[in-house]
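J.: Take the sequence shown: its position 40, counted from the start at 1, is 40 in my numbering, and no numbers get skipped.
One or more of the hints may lead you astray.
[To be verified] In silico lysine-lysine, DSBU-like type, Cα no more than 30 Å apart, as pairs:
(1) Lys225 - Lys273
(2) Lys190 - Lys17
(3) Lys250 - Lys225
(4) Lys225 - Lys68
(5) Lys308 - Lys68
(6) Lys328 - Lys158
(7) Lys68 - Lys187
(8) Lys236 - Lys68
(9) Lys158 - Lys174
(10) Lys41 - Lys113
(11) Lys190 - Lys273
(12) Lys273 - Lys211
(13) Lys158 - Lys13
(14) Lys174 - Lys148
(15) Lys273 - Lys329
(16) Lys252 - Lys233
(17) Lys137 - Lys148
(18) Lys104 - Lys148
(19) Lys190 - Lys137
(20) Lys190 - Lys147
(21) Lys174 - Lys104
(22) Lys308 - Lys233
(23) Lys147 - Lys328
(24) Lys190 - Lys104
(25) Lys308 - Lys236
(26) Lys273 - Lys137
(27) Lys190 - Lys113
(28) Lys68 - Lys250
[As the list claims (entries may be wrong)] Simulated restraints, written as ranges between beta carbons of each label pair:
(29) Glu241 - Asp75: 37 to 47 Å
(30) Leu11 - Ile240: 16 to 26 Å
(31) Asp259 - Arg28: 44 to 54 Å
(32) Lys328 - Ile238: 23 to 33 Å
Derived from the structure by calculation, the hints contain no laboratory data. Just so you know, these numbers come straight off a predicted model, no measurement behind them. All residues carry an ideal CB built from backbone N, CA and C; glycine is no exception.
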Amino acid sequence: MQPNFIYLSMLPKNAAKNALVHVLEARRGESLLIICDENKKEIGNLFAMAALDLGMWARLFLLHSDGKREEIPSDLEEVIVSGSPDIFINIMNDSPEETPFRIKVVSLEQRHKKRIGHCPGINMDMMSSGAAALESKEYDEMQGLAKKLLHHLEGCEKVYVDTQDGTMVVFSVKDRYFFTDTRINWKTMKWMNLPVGEVIVAPVENSLSGKIVCDLAIGGIGSIKEPVSLIVKEGKVINIEGKNRNVIDKVKQTQALDDMASIIGEFAFGLNKKAKADAAFLEAEKTYGTVHFAFGNNEDYPGTNYSKTHMDFLISRPTVEIQKEDGKKSIIMKNGEYII
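Could you put the whole structure together from the sequences, leaning on the hints where they help?
T.: Quick look at the structure:
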């Protein structure tokens, strides 16, 4: 069972404004470029109006699509390269087939070393009552938890994760650093998903071994009714098991896209008390008290997985134990509850 929280609705424009201020630290006089799929125009307009209310300059660029996108359209490339806004917001559909396209867009934006809020699959529910519908004090609380968790993870070299459903894995994070998406890091200028709510690390790519039992949701697929088990050896998925053949086939198809698609790319903690595990995956992965693993691209975490894709697997009620440089171990999460 996930923790029960009360979800109060808020004006979506206020949610957009709070994300700009508290996560991306937007200021009066700065410029915002919103790159928006046509069917997400309503949300794009919310961010544009929020930016104008803050005294910013805002431009909304609509993307038209007649099919699967693989390359960046020339007009969009020109806008990204020549516009050079202070902040990019990408409001896009979350089709797993278009993950390589979205990675290319973010990679091009990153050349400018600007702030980036990437929102594949964002919807109005997230903006009114979900993971993006946060008041100032809720951002403060979540950022405080992230800071505390990062402090406890300092010097961590090895991570153990298990669940009552059968997850049991161990992996190395030696010489890798944990970071949070809950606010912009002005040193790294790492892009972030909106809504936010994670502490993240790129495991050493050949280090993870064991069994991951995903019982909540999968990126690009959504909520699942039957668990999916991944058998992993030295960072690579060697077997996928589950009762839902359609889900298993989709996972296998994604992990066959290239040589690195089945290699571990990410491990993350969920911190957002308004995120719901049965929502779109952009929100679900931030659910408080969960963890998720992802296989595929992690180049900017930083890591060495250069896959064209990235697929996440969300897990409930985890117990997480860490081992520091001196060999000392400590439990920082027990059955989905933080004990730091």
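J.: Hint by hint, say whether it matches the structure.
T.: How the hints compare with the structure:
no., hint, in the structure
1, Lys225 - Lys273, "holds (22 Å)"
2, Lys190 - Lys17, "holds (20 Å)"
3, Lys250 - Lys225, "holds (15 Å)"
4, Lys225 - Lys68, "holds (28 Å)"
5, Lys308 - Lys68, "holds (15 Å)"
6, Lys328 - Lys158, "holds (10 Å)"
7, Lys68 - Lys187, "violated (35 Å)"
8, Lys236 - Lys68, "holds (28 Å)"
9, Lys158 - Lys174, "holds (7 Å)"
10, Lys41 - Lys113, "holds (26 Å)"
11, Lys190 - Lys273, "holds (23 Å)"
12, Lys273 - Lys211, "holds (27 Å)"
13, Lys158 - Lys13, "violated (42 Å)"
14, Lys174 - Lys148, "holds (20 Å)"
15, Lys273 - Lys329, "holds (27 Å)"
16, Lys252 - Lys233, "holds (16 Å)"
17, Lys137 - Lys148, "holds (16 Å)"
18, Lys104 - Lys148, "violated (33 Å)"
19, Lys190 - Lys137, "holds (24 Å)"
20, Lys190 - Lys147, "holds (17 Å)"
21, Lys174 - Lys104, "holds (29 Å)"
22, Lys308 - Lys233, "holds (21 Å)"
23, Lys147 - Lys328, "holds (21 Å)"
24, Lys190 - Lys104, "holds (15 Å)"
25, Lys308 - Lys236, "holds (16 Å)"
26, Lys273 - Lys137, "holds (12 Å)"
27, Lys190 - Lys113, "holds (9 Å)"
28, Lys68 - Lys250, "holds (17 Å)"
29, Glu241 - Asp75: 37 to 47 Å, "holds (45 Å)"
30, Leu11 - Ile240: 16 to 26 Å, "violated (43 Å)"
31, Asp259 - Arg28: 44 to 54 Å, "holds (47 Å)"
32, Lys328 - Ile238: 23 to 33 Å, "holds (32 Å)"
Comparing the model with each earlier hint shows violations of hints 7, 13, 18, 30; every other hint is respected.
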